[in-house]
Amino acid sequence: MARFEERGPRFPTVQPVRVDKIHPRAQALRRIVALIAVVVTIIILLPVFVMGISAFKTRADVMSSPPKVLFRPTLEGFMLLLTERAVVSPARLEELQETAKEGKLSLFERLALDAGMEITGPSAYVFRLRNSVIIAGISTIASVVLGLFAAYAFSRFRLRGKDDLLFFILSTRMLPAVVVTIPLFLMYRQLGLHDKHLGMIILYTVFNLSFSVWLLKGFIDEIPKEYEEAALVDGYTRLQAFFRIVLPQAASGIAATTVFCLIFAWNEYAFALMLTSQRARTAPPSIATMMGRGGIEWSAIAAGSLGFLIPVVIVTFALRKYLLRGITFGAIRG
Amino acid sequence: MPSTHVQGISPAASPIGQARRHLSDRSIQNLFIWPTLLLLIAVNLFPLLYSLYLSFTNFLAVQNKPPVWVGLSNFGTILHTPEMWHYFATTGRYALMSVGLQTVIGFGLAMLVRRKFFGSGLITTLILVPMMISPVVVGMFWKMIYNPNFGFFNFLLGAGHAGKGVDMLASKFFGQSTPGLALIAVAIVDVWQWSPFVMLLVLSGLNAIPEYLYEAAAIDRASPWFQFRRITLPQVAPLLLIAVLFRTIEAFKSFDLVMGMTGGGPGDQTELIAVNLYRQAFLGTFKTGFSSALAYIILIIIIAASNMYIKYLNQIKGEA
Amino acid sequence: MATIELSKVEKKFGDLHAVKPLDLTINDGEFVVLLGPSGCGKTTTLRMISGLEAVTGGRILLNGKEVTWKHPSERDLAFVFQFYALYSHLSVRQNIAFPLQAQGMKREAIDKRVNEVVDILRIRHLLRLRPGKLAGGDQQRVALARALVRRPAAFLMDEPLGALDAELRESMRAEIKNLHIAQHATTVYVTHDQIEAMAMGDRIVVMSKAEVQQVGTPVDVYYNPSNLFVARFIGSPGMNLVKGKFSGGAVRMAGNDRYEVPPAWHKPLANSLDGRDEVILGFRPEAARVTPDGSMAGEVYATDMHGGHTVLHVNIFEGEMVHIRSDRQNTYPMGTPIRFAIDPEMVRFFNPRTEAAVRREAAR
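Protein chains in written order, with the working numbering: chain H, 790 to 1123; chain D, 20 to 339; chain B, 404 to 767.
Fair warning: there could be bad hints in the mix.
Unchecked claim - SDA-like cross-link-like pairs, simulated, lysine to any residue; straight-line CA separation at most 20 Å: (1) B:K648 with B:A673; (2) H:K857 with D:L176; (3) H:K951 with D:L56; (4) D:K330 with H:F956; (5) B:K423 with H:F956; (6) H:K810 with D:L176; (7) H:K810 with B:R462; (8) H:K1110 with H:F956.
It is worth saying that the hints were derived from the structure and are not from the lab.
So here's chain H without its partners, still in its complex pose (with noise of 0.2 Å):
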């Protein structure tokens, strides 16, 4: 454009910037790329919208053909979710409506008399849910804690055959979780820990750890060994330094582990499917069977979906930064 060669941008600058990026027509196609992936980020993030407001519909609305964008949002899938229902004779049902009058029922309790229904309990996905946080909590600390050690005494010790133990220790992230489950199954099966929490929370420590000291090995050779040797000098045990220099200069990248291994625990089906049944279960294999009075319960499914996926995005958005690390960490570093 002539016109720009003459006399330059309309205003004035306040960026370094290169002439040619400053050209009229540069900053146009700056701009058209911004909205391109605006747009892009909208659509890519549709299905979870549309998972998203499944969640609130109706029974009747959320299988509405054609799909509704407009509608009553209730939390009726909610309600399906986390609670046993039973159908009630209609001399209940009167007494029932009786108590809602005077205002006496939950939300959830007038969402079940709406479908005839009376509540008898939480659900067993309630029970499932209390699971996968308890393994999925436990099993987090465990691996970061020994995983912290691990890392540590690999960063800074001499150990022969380190290299060796390294990638083995980073191989079993290799295997498909089939390979190992088979002769898990027996295993835990002869020792009794089939469908136990304990076995699950062996199970995810175990599997986190590999991650888990990869990470923060990654982490702590970041640290210079010079200020734990000064504190040696100074009269320090090694374990005193570690725990008063070292711990707290990793604090982010323990963060960033931890929020790795706890997403991983949380969202872990496969192993779960396979070594658990009843008492042990987490969510994420009882997600797929939420069957209802006509097959399967979608609006449940949805509140199901939600509900667990909640946690991780906020937990995703409040770690960003060290997310972006920890992953092109894990992917470069090995």
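For chain H, the structure is supplied; the task is to place chains D and B on it using the hints.
Then chains D and B, alone, in the frame of chain H:
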């Protein structure tokens, strides 16, 4: 730092002041590493070896009879069963489609958000969301989206009404049975979920390219396409390759997503090898010995691929 | 080849002045050095000339034609970066050929040019290697080759020797200067190293805090610095600057030192001090001579042995340290009182409030 360097600093010199007995470096080393190693050996190594043993037997987990040695007959059966080859082929096709698309889309996404603009950080994080969701959950709600009656996918295609139109997961295209459609549907979901991963890797590679390379090229009159071809692409290629290798290995192990969406159907159109393995080992007759053999074959394939991956990684690290 | 003209060229970031309006003409075949401490605006100025940085005011002309808003590639300038900017995935040969390929030159023409350039810089033996495998000096030569191969109107160099060690820097300095002479190339060179500037430049543009302090030949800036900054910055060590009061034809300093001002300076001083008597006396280390009947007195604080000569750190009174060059190979013990004289031809004076130098011919 040599581990024998600092040993036995006298407790009296410790600023903490107490005459506490302290641990030597050697014991700390052991204390720190062995728990991890033991766990890994018990839960990973040992089952692997046990599995190897089982693959040579005809053990059935439902029976209480002890395993009987059958040598290589399990492996032979697998290699001679056409269905098995079919499942491997299906998995291969799936991996090709999925990884290929992921790479292209992921690269495109990275190029889009590469230069900072208002909200680009937020957008990058938002694009990560699909990756963070449990694959089985993803499978479930995409199943809902693909539903021929009330699913959003058909609605967008304009083929929403019951009975007519497209049923991706049943491989029916406007009433015609189109085998392979279900596999494509699953591949699409995989691409949706994992393109952000490729984007992240490529993005970190793009950001690592020093700006002065582009400045030099600008002064040398290189056109934007020339710069892309001769600077951007070659500099990012190593990372891209890593992403491709990693995702290919994962595609081979793919289980959760398929189980959430189709369970292997319709028929065996989406029966990926890992899914079949599960079926053989945990459903029906619990053919433990046989499925261990299959598991080992899969494992060998994956180890071969992982070796390539790691060798390549080391090559990159060596050059860096 | 080329003349470059900067007319009131300015760069602001918001309210921050990175480069205050600057006028400069670089003549055809000249080697001009932009010299100054980091942050003074020299690199920004260079980048504005190249187009890598857009000006916020002023005009840039190349051979009389306005190029202020032209794409960097349209200006026919070559840029040598501090960190070489070589493509790690290409061989040396491919790196050098890159600019010509970008312009769509034919294979044979490219090969011909590359061959010429490679012999000039003596890097023929490196052609097959990747930049990552080369030593710093060789990498820099490759960067120079890449600039040279384009036969541009002028060369712009941004601290090209900054990443090299001291010894290599010296030899590369000579190489670059020789290259410049052989090619009759107009060159604009940025550095913070005043030794480099003095050794290489036909003219030096001394900059500080976004402003030009002085433009002149090395001799000019050395012997006639136009202000305190230039006086201090040029020379190692820089010029000695002592505060005093001028009255009755002499400068009185603290500690009873008294310096008789040469007659030629009386009138200029009287006119240039704005009616006050505060003045700054300046002299280079080699302008002072240790002598028992010198007019200045001091105490030796330290001696730097430089082999052929020594530099004495002399305390002349509370808080004022000066450097004096001596030919003595002996060292003075700390605390030795000495006297020294200042060569009347080499003494200089500065106005403490404007920081400007007092000109000997200052008429008022």
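Structure-based check of all given hints:
no., hint, result
1, B:K648 with B:A673, "holds, 12 Å"
2, H:K857 with D:L176, "holds, 16 Å"
3, H:K951 with D:L56, "holds, 12 Å"
4, D:K330 with H:F956, "holds, 12 Å"
5, B:K423 with H:F956, "violated, 58 Å"
6, H:K810 with D:L176, "violated, 40 Å"
7, H:K810 with B:R462, "holds, 18 Å"
8, H:K1110 with H:F956, "violated, 27 Å"
The structure fails to meet hints 5, 6, 8 from the earlier list, while all remaining hints are met.
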